[in-house]
Amino acid sequence: MTTSTPAGRQLITPATSDFASSYEAPGARLPKAVLDRSAERSRFTNMLLPYTAKWPILHAVMTEKDSRRIFYFMSLNFFFMAIQAFYGYITDSLGLLSDSIHMFFDCVALAVGLFASVASKWPPSSRFPYGFGKVETLSGFANGVFLVLISVEIMIEAFERIVEGRETKRLAELFIVSSLGLAVNLVGMAAFGHHHHGHGHDTDTLGSGAVIVSTALTHYIPWSGWDPLASFLIAVLIIGSAIPLVKSSARRLLLTIPDEIEYSLRDTLSGITGLRGVANYSVPKFWIDDRASEDGAAGGKLMGVVHVVAVRGAEMGDVRDRVRSYFSERGIDITLQVEREGDSTCWCGVGKSPLSPLSPKPGLTQTLKAR
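Heads up, the sequence shown is in full-length UniProt numbering, so the first residue is 1 and it goes up one at a time.
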């Protein structure tokens with residue numbers, strides 16, 4: 001839609017992107033109806049579904065096959081985490097306690113991931129204009145930070161136990177519980193692969209294996225330091241898997257574009273000025289969308305905002321459509337602000353007379369509202 005300022009300058013409102021078109025008012029953030037697939041579900045699942053209707057998020061998780069499988073594994077993981085914590089306490093095994101702590105944070109990551117899989121499909125609202133796609137990323141960052149801090153505490157405790165010479169008790173029960181913990185982690189690896197909750201099951205499996213080995217060594221070669229050494233190894237493994245998680249989630253929270261995408265984006269931007277009617281562009285801002293698409297695919301679409309300057313005499317609507325089609329062909333969801341060459345009416349500060357957002361130039365009310 002083309003408008004004019006009181007001074008007679010021609011302006012055009014920004015093109016509405018797919019992201020902006022999905023914006024809805026508060027209270028409209030309910031998941032879409034799910035097709036009836038009761039025949040594809042087990043009897044146990046069909047029996048549970050009526051009881052989950054009171055909790056919409058849990059009900060949405062249980063109706064989807066992949067999220068339902070993760071929920072069942074999370075429940076098994078949490079149940080066995082409690083068993084490990086109990087036996088770690090009565091056997092005085094720091095290694096088993098360390099493994100149970102790691103399993104607890106795995107459960108937290110799985111729970112938040114399941115919530116994010118539902119929330120990421122909710123449309124944006126006035127309170128959350130960019131949607132809920134960052135929930136899982138924020139959880140991964142917090143989870144990684146907590147894992148690093150707790151791992152450092154475990155390493156300090158392990159060193160103190162080696163110095164004090166505290167011995168573990170009830171080795172037979174300790175061996176059985178740690179072996180079952182290894183079995184649970186192997187089930188997770190077989191069912192969900194290596195990275196279904198932000199970091200790999202390799203660390204979980206090696207942690208359980210370290211407890212088994214330390215228990216066997218304590219039985220055959222009596223020494224009180226085997227269990228603290230195993231817990232120290234588990235802490236090192238946890239830190240090794242948590243640091244990459246913290247780095248990757250921090251980059252996503254800071255809206256950092258991966259290098260491989262940045263290179264192709266630079267090539268795309270360099271081609272804008274070659275389009276008919278485009279004099280220049282400025283203020284390019286791009287980010288990776290974390291929201292899941294309507295068909296259930298994971299987020300990852302490149303989105304952005306660009307200020308385009310049209311040459312004098314060019315039809316601004318045609319320039320807008322041409323630039324938008326150019327980005328759309330490359331899989332980029334773009335929002336455009338198009339203005340005539342020589343005008344300095346942009347509120348963003350690119351022009352001869354930069355504007356302060358607190359005191360816009362008279363006559364630009366329509367432009368500011370359009371943005």
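Hints are computed from structural coordinates only; laboratory data are not their basis.
There could be a bad hint or two in this list.
[Claimed, not checked] Here are the computed lysine to any residue pairs in the SDA-like style, where the Cα-Cα straight-line distance is at most 25 angstroms:
{"#": "1", "residue 1": "K121", "residue 2": "K169"}
{"#": "2", "residue 1": "K301", "residue 2": "A314"}
{"#": "3", "residue 1": "K169", "residue 2": "G113"}
{"#": "4", "residue 1": "K247", "residue 2": "R43"}
{"#": "5", "residue 1": "K285", "residue 2": "L206"}
{"#": "6", "residue 1": "K301", "residue 2": "P50"}
{"#": "7", "residue 1": "K65", "residue 2": "N46"}
{"#": "8", "residue 1": "K301", "residue 2": "E341"}
{"#": "9", "residue 1": "K65", "residue 2": "I90"}
{"#": "10", "residue 1": "K121", "residue 2": "G300"}
{"#": "11", "residue 1": "K301", "residue 2": "S270"}
{"#": "12", "residue 1": "K54", "residue 2": "C107"}
{"#": "13", "residue 1": "K285", "residue 2": "G317"}
{"#": "14", "residue 1": "K247", "residue 2": "W223"}
{"#": "15", "residue 1": "K121", "residue 2": "A172"}
{"#": "16", "residue 1": "K121", "residue 2": "E160"}
{"#": "17", "residue 1": "K301", "residue 2": "I257"}
{"#": "18", "residue 1": "K247", "residue 2": "G113"}
{"#": "19", "residue 1": "K121", "residue 2": "W223"}
{"#": "20", "residue 1": "K169", "residue 2": "W223"}
{"#": "21", "residue 1": "K65", "residue 2": "R43"}
{"#": "22", "residue 1": "K285", "residue 2": "R322"}
{"#": "23", "residue 1": "K247", "residue 2": "E262"}
{"#": "24", "residue 1": "K169", "residue 2": "V187"}
[Stated by the list, open to error] Label-pair distances were calculated between CB atoms; the ranges are:
{"#": "25", "residue 1": "A53", "residue 2": "L254", "range": "50 to 60 angstroms"}
{"#": "26", "residue 1": "R43", "residue 2": "A183", "range": "43 to 53 angstroms"}
{"#": "27", "residue 1": "A250", "residue 2": "P50", "range": "34 to 44 angstroms"}
{"#": "28", "residue 1": "R266", "residue 2": "N46", "range": "46 to 56 angstroms"}
Since this is a predicted model, take the numbers as computed values, not measurements.
The beta carbon of each residue, even a glycine, is placed where N, CA and C say it ideally should be.
Do the hints match the structure? See the list:
Distance restraint check for K121 and K169: the Cα-Cα separation of roughly 50 angstroms exceeds the 25 angstroms cut-off, and the hinted pair is therefore not satisfied. Distance check on the hinted pair: K301 and A314 sit about 31 angstroms apart at the alpha-carbon level, beyond 25 angstroms; violated. For the hint linking K169 to G113, the alpha-carbon distance of about 37 angstroms lies beyond 25 angstroms, and the restraint is violated. A C-alpha spacing of about 42 angstroms is found between K247 and R43, which places the hinted pair above 25 angstroms, so the restraint is violated.
Our distance criterion of 25 angstroms between C-alpha atoms is broken by K285 and L206, whose separation comes to about 43 angstroms. Of the pairs offered as hints, the one joining K301 and P50 is violated, with about 36 angstroms between alpha carbons and a cut-off of 25 angstroms exceeded. Distance hint between K65 and N46 is fulfilled; the C-alpha atoms sit about 12 angstroms from each other, no more than 25 angstroms. Proposed proximity of K301 and E341 is contradicted: the alpha carbons are some 31 angstroms apart, above 25 angstroms.
Distance hint between K65 and I90 is unfulfilled; the C-alpha atoms sit about 38 angstroms from each other, more than 25 angstroms. Taking the CA atoms of K121 and G300, the gap is about 13 angstroms. The hint holds against a cut of 25 angstroms. Distance restraint check for K301 and S270: the Cα-Cα separation of roughly 20 angstroms lies within the 25 angstroms cut-off, and the hinted pair is therefore satisfied. Proposed proximity of K54 and C107 is supported: the alpha carbons are some 22 angstroms apart, at most 25 angstroms.
A C-alpha spacing of about 21 angstroms is found between K285 and G317, which places the hinted pair at or below 25 angstroms, so the restraint holds. Note on K247 and W223: the hinted pairing is violated, with a Cα-Cα distance of about 38 angstroms set against a maximum of 25 angstroms. Between K121 and A172 the alpha-carbon distance is near 48 angstroms, which puts this suggested pair outside the 25 angstroms criterion. Only pairs whose Cα atoms come within 25 angstroms are accepted, and K121 paired with E160 is rejected, the gap being roughly 48 angstroms.
Taking the CA atoms of K301 and I257, the gap is about 11 angstroms. The hint holds against a cut of 25 angstroms. Distance restraint check for K247 and G113: the Cα-Cα separation of roughly 18 angstroms lies within the 25 angstroms cut-off, and the hinted pair is therefore satisfied. Taking the CA atoms of K121 and W223, the gap is about 54 angstroms. The hint is violated against a cut of 25 angstroms. Restraint check for K169 and W223: satisfied, since their Cα atoms lie roughly 12 angstroms apart, inside the 25 angstroms limit.
The straight-line distance between the Cα atoms of K65 and R43 is roughly 14 angstroms, inside the 25 angstroms bound, and the hint therefore holds. Pair hint K285 plus R322 holds up; C-alpha atoms about 19 angstroms apart against a cutoff of 25 angstroms. A threshold of 25 angstroms between alpha carbons decides the hint, and for K247 with E262 the separation of about 18 angstroms falls inside it, so the pair holds. For the given pair, K169 sits about 28 angstroms from V187 by alpha-carbon distance, which is inconsistent with the 25 angstroms threshold.
For the pair A53 and L254, the beta carbons lie near 39 angstroms from each other, so the given range of 50 to 60 angstroms is not met. At roughly 25 angstroms, the beta-carbon separation of R43 and A183 lies outside the given 43 to 53 angstroms, and the hint is violated. For A250 paired with P50, a C-beta distance near 42 angstroms keeps the hint of 34 to 44 angstroms intact. Distance hint for R266 and N46: a CB-CB separation of about 52 angstroms, consistent with the stated range 46 to 56 angstroms.
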